[in-house]
Amino acid sequence: MKPAPFVRHVPRTLDEALGLLSQLAGQEGRILAGGQSLVPIMAFRLAKPAHLIDINEVAGLDRLESDGKALSIGARVRHGAFHKLAVDNPLGALLTFVARHIAHYPIRMRGTFCGSLAHADPASEWCLTAATLDATMVAKSSRGTREIAARDFFEGIMSTALAEDELLAEVRLPLLAPDAKFGFNEFSRRAGDFAMASSLVTYRIVGGKMTDTRVGVGGAEAAPRRITEAEATLNGQTPNDAAFREAARVASDALDPLEDHQTNAEYRRDLVRAVVRRALENSLP
Amino acid sequence: MNAPTKGTGMKWVGRSIRRLEDPALVRGEGHFTADLPATHWVRFVRSPMAAGVINSITAPDGAMVITAADLRGVKKITPMLYKFNYRPVGQPILAEGVVRFVSEAVAAVVASSEEEAEDIADLVELDISETPPLVDAHDALKQGAPQIHAEAPGNIIVHGAHKTAGFVDAWASADKIIKVDARSHRQNATPMEARAAHAAFDKSTGRVTLTCTTQMPHVARTAIADLLGMPESDLRVIAPDVGGAFGQKMSLCTEYVLLVWLARKLKSTVAWTEDRRENLIASFHSRDQHVTLEGAFDANAKLLALRADVVANIGAYSCYPNTAGMEPLMAMAEMPGPYDVQQYQCLARGVLTNTCTMAAYRGVSRPVITFTLERLMDRAANAFAIDPVDIRRRNLIDTFPYTSVTGLVFDEATYKGTLEMAVKAIDVPAFRARQKEARAKGRHLGIGFATFSERTGYGSPAFAARGMAITPGWETVHVSVDPSGYVEARIGASPHGQGLRTTLAQIIADELGIPPDMIKVVHGDTDTAPYGWGTFASRSLVISGGATLIAARKVRAKLIRIASHMLEAAESDIVLEDNRANVAGTDRSIPIATMAREIYTQAHRFNGEIEPGLSESGTYDPPGTFSNACHVAVVELDAETGFVKIERYLVAEDAGRIINPMIADGQVHGGVAQGIGNALLEEIIYDESGGILTANLADYMPPTAHEMPTIELHHIETLSTQSITKAKGLGEGGAIGAPAAVLNAINDALTPFGVEIDTIPATPQRIRALLRGAPNSVRSRESGNPGATS
Ligand SMILES: Cc1cc2nc3c(=O)[nH]c(=O)nc-3n(C[C@H](O)[C@H](O)[C@H](O)COP(=O)(O)OP(=O)(O)OC[C@H]3O[C@@H](n4cnc5c(N)ncnc54)[C@H](O)[C@@H]3O)c2cc1C
Chain F
725 MKPAPFVRHV
735 PRTLDEALGL
745 LSQLAGQEGR
755 ILAGGQSLVP
765 IMAFRLAKPA
775 HLIDINEVAG
785 LDRLESDGKA
795 LSIGARVRHG
805 AFHKLAVDNP
815 LGALLTFVAR
825 HIAHYPIRMR
835 GTFCGSLAHA
845 DPASEWCLTA
855 ATLDATMVAK
865 SSRGTREIAA
875 RDFFEGIMST
885 ALAEDELLAE
895 VRLPLLAPDA
905 KFGFNEFSRR
915 AGDFAMASSL
925 VTYRIVGGKM
935 TDTRVGVGGA
945 EAAPRRITEA
955 EATLNGQTPN
965 DAAFREAARV
975 ASDALDPLED
985 HQTNAEYRRD
995 LVRAVVRRAL
1005 ENSLP
Chain W
9 MNAPTKGTGM
19 KWVGRSIRRL
29 EDPALVRGEG
39 HFTADLPATH
49 WVRFVRSPMA
59 AGVINSITAP
69 DGAMVITAAD
79 LRGVKKITPM
89 LYKFNYRPVG
99 QPILAEGVVR
109 FVSEAVAAVV
119 ASSEEEAEDI
129 ADLVELDISE
139 TPPLVDAHDA
149 LKQGAPQIHA
159 EAPGNIIVHG
169 AHKTAGFVDA
179 WASADKIIKV
189 DARSHRQNAT
199 PMEARAAHAA
209 FDKSTGRVTL
219 TCTTQMPHVA
229 RTAIADLLGM
239 PESDLRVIAP
249 DVGGAFGQKM
259 SLCTEYVLLV
269 WLARKLKSTV
279 AWTEDRRENL
289 IASFHSRDQH
299 VTLEGAFDAN
309 AKLLALRADV
319 VANIGAYSCY
329 PNTAGMEPLM
339 AMAEMPGPYD
349 VQQYQCLARG
359 VLTNTCTMAA
369 YRGVSRPVIT
379 FTLERLMDRA
389 ANAFAIDPVD
399 IRRRNLIDTF
409 PYTSVTGLVF
419 DEATYKGTLE
429 MAVKAIDVPA
439 FRARQKEARA
449 KGRHLGIGFA
459 TFSERTGYGS
469 PAFAARGMAI
479 TPGWETVHVS
489 VDPSGYVEAR
499 IGASPHGQGL
509 RTTLAQIIAD
519 ELGIPPDMIK
529 VVHGDTDTAP
539 YGWGTFASRS
549 LVISGGATLI
559 AARKVRAKLI
569 RIASHMLEAA
579 ESDIVLEDNR
589 ANVAGTDRSI
599 PIATMAREIY
609 TQAHRFNGEI
619 EPGLSESGTY
629 DPPGTFSNAC
639 HVAVVELDAE
649 TGFVKIERYL
659 VAEDAGRIIN
669 PMIADGQVHG
679 GVAQGIGNAL
689 LEEIIYDESG
699 GILTANLADY
709 MPPTAHEMPT
719 IELHHIETLS
729 TQSITKAKGL
739 GEGGAIGAPA
749 AVLNAINDAL
759 TPFGVEIDTI
769 PATPQRIRAL
779 LRGAPNSVRS
789 RESGNPGATS
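Protein sequences, first through last, are from chains F and W.
Just so you know, the first sequence maps onto residues 725 to 1009 in the numbering used here.
Just so you know, the second sequence maps onto residues 9 to 798 in the numbering used here.
Hints in this document: simulated from the structure, not taken from any laboratory.
Think of the CB as a built atom: it goes at the ideal place given N, C-alpha and C, for glycine as much as any other residue.
Among the chain F residues that face chain W by a calculated CB cut under 8 Å, a handful are: (1) 725; (2) 726; (3) 911; (4) 913; (5) 914; (6) 986; (7) 988; (8) 991.
Chain F on its own, in the form it takes in the complex (with noise of 0.2 Å):
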């Protein structure tokens, strides 16, 4: 469990880091952020990379402010950041209710946002935030600026639309609806272990009618996204019971559910009636 031979880089500013992407990404380069996905890959080596850009230096990166529109958060912004508020709207709360359900405090406190998002664990709870959200990732490289789509970016399993110079150097999470109401929900064996379903829902009450809802499904196939079919039932519904079981049925129905040694697909199927119906059940007051 010793890594394989590489050099280490600390580039000083975002062109620095780009540079020596763009020179030694052909030459199995890769970035370094909290190391908490990369490291112990490398630790059983399962990757060697032969150089690794170190961006924990780079000024400017750990942006985390909102325009009234989106929340940025740059690629140094840990996932411990949102152990408090982020920004002033129910999007705060939702990302400190989320963050809580993330590994282990140390990890916690070196993993980052963006990370997670270009590591693309199926089960990550930010990429399944990122997905449910439409958030917008900002890629970088000595090219030039790009920005992909949520629905875009997440390719499969830890496979994301990102070039091998690009850098995932800031994530836009659109700002929610003053009153909107959120609910999320994970099941795993052990308190902080990765989810093996877990559900994100966002909606907003209009009439007594349940509208904007989106409900996304994380952990359950190759990429977390959105279950437009489940959805569908809900908008136009007053919240209740029946409804959200209807919706966590017709969610668990229209996945293709990923298979593990502790899970076949029948069983997660079952988890992913039981954490959308139960992350609509959190969403309550």
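Let chain F serve as the given structure and place chain W with the ligand on it in line with the hints.
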């Protein structure tokens, strides 16, 4: 804290004094094997295949890579059992010709750092032709299955059978036959410190010092010296601080043998530190058993006869010194547990497969047979429509000594007493009312009981009865008072977390009138400790504690003679207390330190009547004593996800005289935590090709503090007549009782659905699979934030 322990007349025994070993450990000042510097580091290249023929091993240019071909003359590890149709099979130090399990060591890379060794290991090319692997014991038993070792036809390495004369009649007379088909999946003991070894060659003496993380330093010395054909005196084995072991560090590791061989070859210092992945796949596994148990009951739910079939998947080799007979044969001998049953039939087989070798893990076999038997009792209670507590009352033994149907002699214990204590503390009627209320709301609570006996502190006759070539029973202790009046006790046991440095000091303190903080217990070094068997099997406090008491009594007698001589008083008037010898009823006294100084430095003053020096030795080889407990688990089952949350956990325990209640409680806590892990979480999973899917601690899941309930403890102290300290062992009980209590609680919660689970771990996936097929549809919870999900 300074008052004598109530009622015992003893000042130190019975008190929760703080552990003498802790200050160094909590300050990070302990000494662990992996801390030692070395010139050479080893990385093992391990087989990627479960079964195959080795065609070639190609090392990169210039690398030092050791293979079986280099080890000519080194014997194979071949543990021996003289009974039960045991077939001795040999384990080469590095795979020879064939591989028999994934992760078997095939080659050893030697380099100047761990990193470099791992880099080179990546470049070693193994050409192995795969042959069909046997992963499941039942497949290995099939006609025509491949032979894993030519010496063990049919892949059966050990085959025990037992049948009492009246079995058939008793069976025929039964009112009901109840059956349990129990499966315990494979587990790993997962000590916090994985294995590690460091071998240093001393050019001036030609000796090798092997520092390693082991429970049995002397046994390791004997075994390695035998295998390498060297005098034992040329090998010193040191077990420094050992970061947990739980049985995994009892068995001889091929890796340690190789290190000693290398140190001698290179005349240098060689080290190896196992990583977590290796520990999970290549160290020893445990608990892999399939037990079919049937009970014949009369109309009053009294157990008449038991019939058992035990199939233990023992892996690819036999562990040394216990042998592969350990799991199946212990199951056979102890299956009837604490219940009175007169007729018994059992077939117990150890089956070879292409999996990692099975060895001891806290409780050995008893966690499995206890949950099997306790499931049988609960199922029988259901069949007779009586309470689970009631069926236990009707069947638990309560006259002592009791000779079991397999010939074990149970000394006095409180099987019924601890049950009643637990029943009262948990308040069963209140629970049943709460359970009913919860069910009406779609919430599923369950309660589970486990009553069991824990055979502890058994000496060499018990091992001889199993036909073992090595009978690790007795222990020796040397106790000396040095000229400064301080005490040193050298012990052959090898504690690694059990707190023996403290508890043995408490025993000595009461004998000598010298406080524990002036008493050093020295262990874990074959150059200084007397030959002994180490620490395992809930034995050390009973056996090493007994030897300590014997030696301390001799020292005490000598101190009294010295005092009598120096104070010119009758021996019967001398009282040893607070570092002094006093003449009872007078103000005449003398410091023990003065007496000690005198007997060493002014020995002539005793006119040859008292031998110089103050050092005595004691050896103890007891018959064994049974401790007992009743565990109760209260769980909530989340029917939607299959998740089980333990709401409440209670233990009523009787381990005889408790030397240090805090340490005793700690042993129970740790054991229960491991038992809960076994019951709910931990499982080594092999795929069909013999690869391991659970090779890290995200996939192999020991419980964390979050998963642990508060454990409530209650004690009864039935002083043992079979142990001179009157203490019984208790190291394993927590782990033995917990799977049974938890599984019974889950099944109690499952009652409305009409399904049962007899498998550990009872994972949420397994529970959901049962619920999906359940005959009864039951309303699950409607609202509330369930405990199952975070
Ligand atoms: C025990 C444990 C439990 C965990 N449990 C959870 C959990 O429950 N939920 C969860 O979501 N996560 C969990 N994690 C993972 C953790 O959240 C990681 O921090 C996160 O997945 C990756 O972020 P990082 O900053 O540590 O990235 P790193 O480990 O540094 O990098 C991960 C990958 O992303 C790339 N990368 C990182 N930043 C960027 C960037 N800005 N642009 C482009 N590429 C980049 C790296 O090159 C690397 O390939 C757990 C980790 C551990 C060790």
